[in-house]
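Here is how the chains run, residue by residue.
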Amino acid sequence: MTAKTRYFLFGSVLILTVGLSIGLVAFYGGMAGSLFAGQQSLAELKYVPADAAVVAYANVREVMNSQMRQRLRQVDGMTDQGRSEFKDQTGIDIEQDIDHVVAFMGAKGSTGNRSGLVVATGRFDQGRLEALAIEHGAKVEQYKGKKLVSALADKAHPGDTAHPAGTAPEASMAVAFLGPNLVAMGGIDMVRQSIDRAGGSTSVQGNADLMKLVGEMNDASVWAVGNFDVFRAEVKLPSEVSDRIPSITWFSASGHVNGGMQATVKAETKDKEAADNLRDIIRGFTALARMQTGSNPELQKLMPDIQLGGDGKIVSVSFALTTEMLDAIVAARGAAGAIKKSQPKPTAKQ
Amino acid sequence: MSDTHFDPIAPAVPPAAPAVPPAAMTVPPAGPGAAAAPRQAPPFLSAAMRVFDLSLGQMLWSRRTIFLGLLVGSPLALGILFRVLEMLGVGGDVKMGGAAVSGPTVFGGMIWLLYLRFIVPVLGIFYGTALIADEVDDKTITYLFVRPISRSAILVGKYLAYLVTTVFVVLPSVVILYLLVVPLGHGSLAESFPALLKDLGLLGVGLASYGALFALIGALFKYPLVTGLVFAFGWEQIALILPGYLRRLTMAYYLQALVPHAMPQDGLGGALQALFRDVPSPTVSLIWLCGYVVVFLALAGRIVERREYVLEQ
Chain A
1 MTAKTRYFLF
11 GSVLILTVGL
21 SIGLVAFYGG
31 MAGSLFAGQQ
41 SLAELKYVPA
51 DAAVVAYANV
61 REVMNSQMRQ
71 RLRQVDGMTD
81 QGRSEFKDQT
91 GIDIEQDIDH
101 VVAFMGAKGS
111 TGNRSGLVVA
121 TGRFDQGRLE
131 ALAIEHGAKV
141 EQYKGKKLVS
151 ALADKAHPGD
161 TAHPAGTAPE
171 ASMAVAFLGP
181 NLVAMGGIDM
191 VRQSIDRAGG
201 STSVQGNADL
211 MKLVGEMNDA
221 SVWAVGNFDV
231 FRAEVKLPSE
241 VSDRIPSITW
251 FSASGHVNGG
261 MQATVKAETK
271 DKEAADNLRD
281 IIRGFTALAR
291 MQTGSNPELQ
301 KLMPDIQLGG
311 DGKIVSVSFA
321 LTTEMLDAIV
331 AARGAAGAIK
341 KSQPKPTAKQ
Chain B
1001 MSDTHFDPIA
1011 PAVPPAAPAV
1021 PPAAMTVPPA
1031 GPGAAAAPRQ
1041 APPFLSAAMR
1051 VFDLSLGQML
1061 WSRRTIFLGL
1071 LVGSPLALGI
1081 LFRVLEMLGV
1091 GGDVKMGGAA
1101 VSGPTVFGGM
1111 IWLLYLRFIV
1121 PVLGIFYGTA
1131 LIADEVDDKT
1141 ITYLFVRPIS
1151 RSAILVGKYL
1161 AYLVTTVFVV
1171 LPSVVILYLL
1181 VVPLGHGSLA
1191 ESFPALLKDL
1201 GLLGVGLASY
1211 GALFALIGAL
1221 FKYPLVTGLV
1231 FAFGWEQIAL
1241 ILPGYLRRLT
1251 MAYYLQALVP
1261 HAMPQDGLGG
1271 ALQALFRDVP
1281 SPTVSLIWLC
1291 GYVVVFLALA
1301 GRIVERREYV
1311 LEQ
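In the order they appear, the protein sequences are chains A and B.
Heads up: the first sequence runs through residues 1 to 350, numbered per the numbering used here.
Heads up: the second sequence runs through residues 1001 to 1313, numbered per the numbering used here.
Be a bit skeptical, because a hint or two may be false.
[Unchecked claim] Label pairs and their in silico Cβ distance ranges:
1. L1113/B x Q96/A: 41 to 49 Å
2. S21/A x L1076/B: 18 to 26 Å
3. G259/A x G1073/B: 29 to 37 Å
4. L288/A x T1140/B: 53 to 61 Å
5. R290/A x L1249/B: 26 to 34 Å
6. R290/A x G1234/B: 23 to 31 Å
7. T249/A x G1244/B: 30 to 38 Å
8. R1083/B x Q96/A: 32 to 40 Å
9. G259/A x R1083/B: 18 to 26 Å
10. L1076/B x G294/A: 33 to 41 Å
Calculated directly from the structure, the hints in this document are not laboratory data.
Glycine residues also receive a C-beta, built at the ideal position from the N, C-alpha and C atoms.
All chains, full assembly: derive it from the sequences and hints.
Spelled out as structure tokens, the structure:
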């Protein structure tokens, strides 16, 4: 072997070693959290319990200001009336005053029900909101240094024999001002627990499985991650459907909203075989949809290109809802409306 | 090859021993001690390693390496282009079928479409079919065959040289591509690392199996290059989309079972493959591929041993 050949092999091994070392260091977390990981951890996550079943996020301002929303407004014929009324009452302009919201669905409580909480970041007129709440019979109290506005419901409903007056469960809503720009809304117990949690109790930030999914969300405008079993139970899919869905442990969905929306749905299955089965199901549905729309160019315009991906136990589906598709939806609705108008009105039966 | 030069294939002899003409290599050489201990042919493995040592340099520094460099350089150029565009903020996200995809998906697609479906078979064809054919074309095969080593050891030595040459060029390029492409669209190097390891192993197995197959084709057919191209880009493509058992007569059928990434749906062919998908388990695939390597090399060695090579004058 000549020296030239030896140098070549040495160089090759060097590249392999350096590359694999970088990958290995990243794999064991050295760089994953800083250089190569996705979204910076949201401060609001400290209010989310470790056993949260589903966590969701929406960049309200980005969604509200997106071209996609403007187009959807055209499609649905939305007006500003509701928004204006809400602003008049609360002083909150949804488009301008709310930056983003984090919401979660908690684990089942003793009653067997799940409760959730929404934490919104933005600019809120605390005094005005308190006054409005008191005006509607709410009670303002201090809880661990945070102002809590709650509408207690400990009155028995007429005819409620199971819960006489004073013994009814507290199923009331509460709003807590967690910070100058931070508001939590939800069941009073959940709001109190979230305040406790921020004071040092365990939060979702300690749930490695869920935080791994949250970390993958990058700079998505909207996303949701969670335990698929909970989703399956809550949605109550028909047994014919749920029996055929391969075992999924975690799921995540994210969307980047701009002119259109680029969405990615990921599922983590129990094993690789289940992932392969799920891919087969998706391929089958995609092929079926393509065949169905193949003969109709108008429908083809509405059919997004679906990209199947993922490694091992992960299955991901990406698709884009483009501006052209939104335009096609507007055109289709317009055409449908025109046909409806042109049809003769049915005459009343004699 | 001059008789006065050092011959790396011949068994080690004392430097003082006089050189012998190729035709007389089986004759015990004259020299001190030679009469007492006649020179023995080296064992198979030792002979193969000697041929490997000689062929590695020849293969690495041949004109074919330029082709190899271009071939593995094109995905890297594409990766660099993606990174530059992302750094400049031009072009936005990488898209597949209109949907923005993250770096790991792009990397998986490149491994499947560029490396496994194109680069690995092409390297197998161009190097594998030339293992013996090049020596025949250059009329140098006589110099190898007159050595006191088995012909199949020559084939195995050359095959190992092919494997080292291609593996040491392809795998570093994949690692560089991983570093370039995976971080695109906030992709995580950490998450893709296990898939990278599988990809590297998979490409090694692919190069070994395609190399063995085309070594057999090179030993068997008069025009191995054409036959190899027809097999890789004709037969394999058709058989994979046909229902039934024909796909089992392809390498890609077993290789695709080892791919850690979901196969991209590349048009009608991909859709048909998805419809008739019947992927063996990774263990079964590995057993078949290793079996192919052994069987093809054994058959190629047997053919080379028995075949009479007539050099055109």
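Inset, instruction - Check each numbered hint against the structure and report the violated ones by number, ascending. - result: The structure breaks none of the hints.
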